[in-house]
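Taken in sequence, the protein lines are chains L and Y.
Each step along the first sequence adds one to the number in the working numbering, with nothing skipped, and position 90 is 90.
Each number in the working numbering comes from the position in the second sequence (counting from 1) with 376 added on.
Bear in mind the hints are in silico, worked out from the structure with no lab data behind them.
Just so you know, these numbers come straight off a predicted model, no measurement behind them.
Even for Gly, the Cβ is constructed at its ideal location relative to N, Cα and C.
The reader is advised that the hints may include incorrect statements.
[As the list claims (entries may be wrong)] A short list of chain L residues far from chain Y (calculated; beta carbon distances all over 10 angstroms):
{"hint": "1", "residue": "59"}
{"hint": "2", "residue": "80"}
{"hint": "3", "residue": "82"}
{"hint": "4", "residue": "86"}
{"hint": "5", "residue": "186"}
{"hint": "6", "residue": "270"}
{"hint": "7", "residue": "273"}
{"hint": "8", "residue": "323"}
{"hint": "9", "residue": "371"}
[To be verified] When the alpha-carbon atoms are kept at most 25 angstroms apart in a straight line, the in silico DSS-like pairs for lysine-lysine are as follows:
{"hint": "10", "chain 1": "L", "residue 1": "82", "chain 2": "Y", "residue 2": "416"}
{"hint": "11", "chain 1": "L", "residue 1": "192", "chain 2": "L", "residue 2": "82"}
{"hint": "12", "chain 1": "L", "residue 1": "127", "chain 2": "L", "residue 2": "115"}
{"hint": "13", "chain 1": "Y", "residue 1": "895", "chain 2": "L", "residue 2": "82"}
{"hint": "14", "chain 1": "Y", "residue 1": "642", "chain 2": "Y", "residue 2": "622"}
{"hint": "15", "chain 1": "L", "residue 1": "112", "chain 2": "L", "residue 2": "127"}
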Amino acid sequence: MPKINLSGVEKNYGGNSANAVADLDLEIGDGEFMCLLGPSGCGKTTTLRMIAGLEHLTAGEIRVGQRVVDSVVDGVFVPPEKREMGLVFQSYALWPHLTIERNTDFGLRLRKMPKAEREQRVDQVMKTLGIEKYRDRYPSQLSGGQQQRVALARMLAVNPEVLLLDEPLSNLDAALRLEMRAELKRLHREFKTTIVFVTHDQWEAMTLATTIAVMSEGELQQVGTPNDIYERPANRFVAQFVGNPPINIVELGDGKSEVSQLANAYLGARFAELRDAGSIGIRPEAIRLADAERGVADGAVAGQAEVTGILPTGGSWIIELTAGGEKLFMTTHQSPEVEVGEAVTWWAKSKALHVFDKAGQRMEVADRLMRPAKLH
Amino acid sequence: MSGQSQSSVQTVVKPATVTHGTVATLKSPTRSQRLRYRTKVALREPTTIIGVLAAALFAYLIVVPIISMLSDAMRVQFGDERRIKQDVGELTWYYIDRVFLSRISHDLFWEPLVNTLSVAAGAITLSMLVGGTLAWLLSRTDMFGRRWFATALIVPYMLPAWTFALAWTTLFKNRTVGGQPGWLESIGFSPPDWLSYGQLPVTIILALHYSPFVILLFGNALRRFDSQLEDSARILGAGRLTVARKIIMPLMRPSLMSAMVLIFAKCLGEFGVPYVLGLPVNFDVLATSLYQNISSRQVGVGAVLAGAIMLIGIITITIDARLMREARRFVTIGSKGSMNRLSPLGILRLPATGFAALMFLLSVGLPIGTLFLSTVMRVPGQFNLDNFTLDYWIGTNLNTVALQTGILLSPDLWNAAWNSLRIVGVASITSGILGLLVGYVVARTPVKPLGTFLRQVTFLPYLVPGIAFAAAYLSLFAVPRGPIPALYGTTLILMLALIADQMPYASRAGIAAMTQLGKDPEEAAQIAGAGWFRRMISIVIPIQKGSLTTGILLPFISGIKGLSLFVVLAVPSTDVLTTYSLRLVDYHYTQAANAVVLIIAGLAYFGALLGQKLTKTNLAQGLGN
Ligand SMILES: Nc1ncnc2c1ncn2[C@@H]1O[C@H](COP(=O)(O)OP(=O)(O)OP(=O)(O)O)[C@@H](O)[C@H]1O
Ligand SMILES: [Mg+2]
């Protein structure tokens, strides 16, 4: 049973602005950890706020469980305070005039929970998040990471069935971020809450989510498991947004560049069905260099290039190749045996190719042709 | 880091077929469905309803009185039918003609206008010279005791302006007026009228009263001014004078101009000083001319005069708004590397300190000292021990017609003090809360035009000098209208007028506070399950406690020392301290009047100190009202 269901949801902030969110259909399953991923300004926060009821819709409908909480056509609007969700703001939005304890038990007091029960619940949540030491402090006396835990504790205390998180980790330093990520994952297991998590950090989405929804300019691009998103990006945008260093895109149409001609020839020779392809993408880690013992694998696409840069990234290397003015990036975990200026042969297996049509959509037919063994 | 930085992302991408879940797309809502939904969202929260109610309230308290007054200026008033030969209420140019063109227009308008302008010009020049020098000494030199002076020299502005006027009469009053003679007169030197009354003293007093403006505004600009700008010009070969002329002056001009404009606006509405010092020699300014017409029931003419004052006020403030925008363009210049170097005064260090001390003595010590001494001396200006008495404060069975006890024993004083506290207190608390509500609605309402209207309507009284605003209130509430009875003579009209008059400051404070707070804390409470009322009580008001305190205290202080609004609207039974002391002046109970003014000055001063303690800020800067 889906927990949250958005259908045809649209949001326009008025004026002449474009839709912040356009025609969004999305299901978030019970117990899922869903990440909304996309570049800045693509409408992630807007979507989250609409789910919470803090923003009204321009069109569409939102259901939580069986209950319609928002519908323009039916004129239904359930206010945020009645939706029984938790939302952790990017700014934390702790109440500056209340102690940590009062911040945490605010929701319970509203629900008129008996004192003993309330105290026990607050104790439990504060312990879980490791903030029981600070119960009598005010938010301004805590560090960013501690504040963030309080923001979480405040929402978890009321045990919401749905927890919405808006880039809650973006204000933290790298170490703390890692720690909090692990913590979030643990909380998801422990509290069995449905979580919707907004981020523009693909790494964060990949490590946390059970499902990722990629958005761009208000439109949903793809929904899938982290693996799906990475292995089978539905279009060029998703392919390019996810992955670091980014995927290499080779335009097929013009055939001007050396690599492009090569790819054209490769596809044209083998798969007549892919004559309409617009571009192909090759992930950096899929590119190999041919060496003396192991040449180019059978059926692989291959070409000549010059090594124009080697960037160590600690444990792995990014190698920049240039072929006829076009750049290709590859990554390797072995210390590269080439040097800048060296001429090399690069290759990639056909099943590592992502083929997109002229509109930028993934050509499923290519997957059937080139990845016969690996059916999804 | 993500792939989006690569340039080829620009490719237009159509949304993919969503692989997760299948949803039948809903048909898009019709216009009326949208409207129904939006209305539902807007009305679910009281914000919009409160906004509408507030808009209606302010329209009634602010817009309607002004319109009513302006229409009085164009309609035949009761009692004028014969003279104008039209019926009551008909449209007429009579009053406008009378004020601007008739034979008596000279006395009614033109001469008061010239007087107002020349007093303002004099006061501006003088306060620029004195205040400008002091500002420079305080902010850019190594004068002794700068910290102490920085506070002390602002004090004149915390006292009611006509404190100085009464001190002046206490010293310089001559036989032109009855009652107790001035000190100079009583030691055998008879000051001439031009020194005792009229233009000269009014100008000097207003200059002293408003030079703190210059000290604050110009001083701030000087402090922000980056010495490096000066240095760069010097390095490029500019001489000291060139630097002053080409670099410093242009950058300082906006703040100086702004101070000038503000002083002008204040002088325009200033009533107490010209009333006390101008009346004996028929020296009228616009405010006093308006007052006299109102008190002799010349409603139509009064309305025209008030309209004229309002118009001048609006023009002035518009100019000021322009200048402030210009000034803001310059502000960014005081960058991070900003530093300001103090000029050593050398041998002038002591004389400069002496000058500052002298100004403090003249603008605070002398007037307060004089007023105080005058209340403990039987015969003015005689410093024999047996001439001193506390009778005027706490005496009984005095040999006077009306006020037969010391002022502290007079029930009238306590009545007036109670009225002051009650009226000003209620008005300040109300306008503070209304200001926060306005801020709330402006920051929160989904109905944008409502926010805009509220912001503008609450700002309107700022453009209207208090005395003209009071005239507008008189025009609307003097007679019963519809279900509203005649309010003239009640404390309610004073409260309402004061609330309206204070709204510009209150709503500005409220909007600033609510905008700064942002939506997050409240939305977090909403998510936690708190309804609107609970959020106000538990979140919004507690967080805004500080700014609410300031928003109540500042208007309270300026209300306690305010005169021009009350003088038109108060009657003896609703006297507040200021009007009471003015009545005492009228009856020539000099000592008693001075004692009351001292009480007011004390209240205003200690109120400001208290506020400073409570809010840990320099309230003097916010006292611009
Ligand atoms: N209150 C608002 N009024 C008008 N436009 C808005 C408002 N809030 C957001 N927008 C616009 O809607 C679009 C989506 O904004 P949103 O905040 O949802 O982006 P986001 O994906 O959360 O971005 P970020 O990662 O930067 O937080 C943006 O173009 C933004 O400018
Ligand atoms: Mg966002």
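Which earlier hints turn out false for this structure, listed by number in ascending order?
-> 1, 2, 3, 4 and 14
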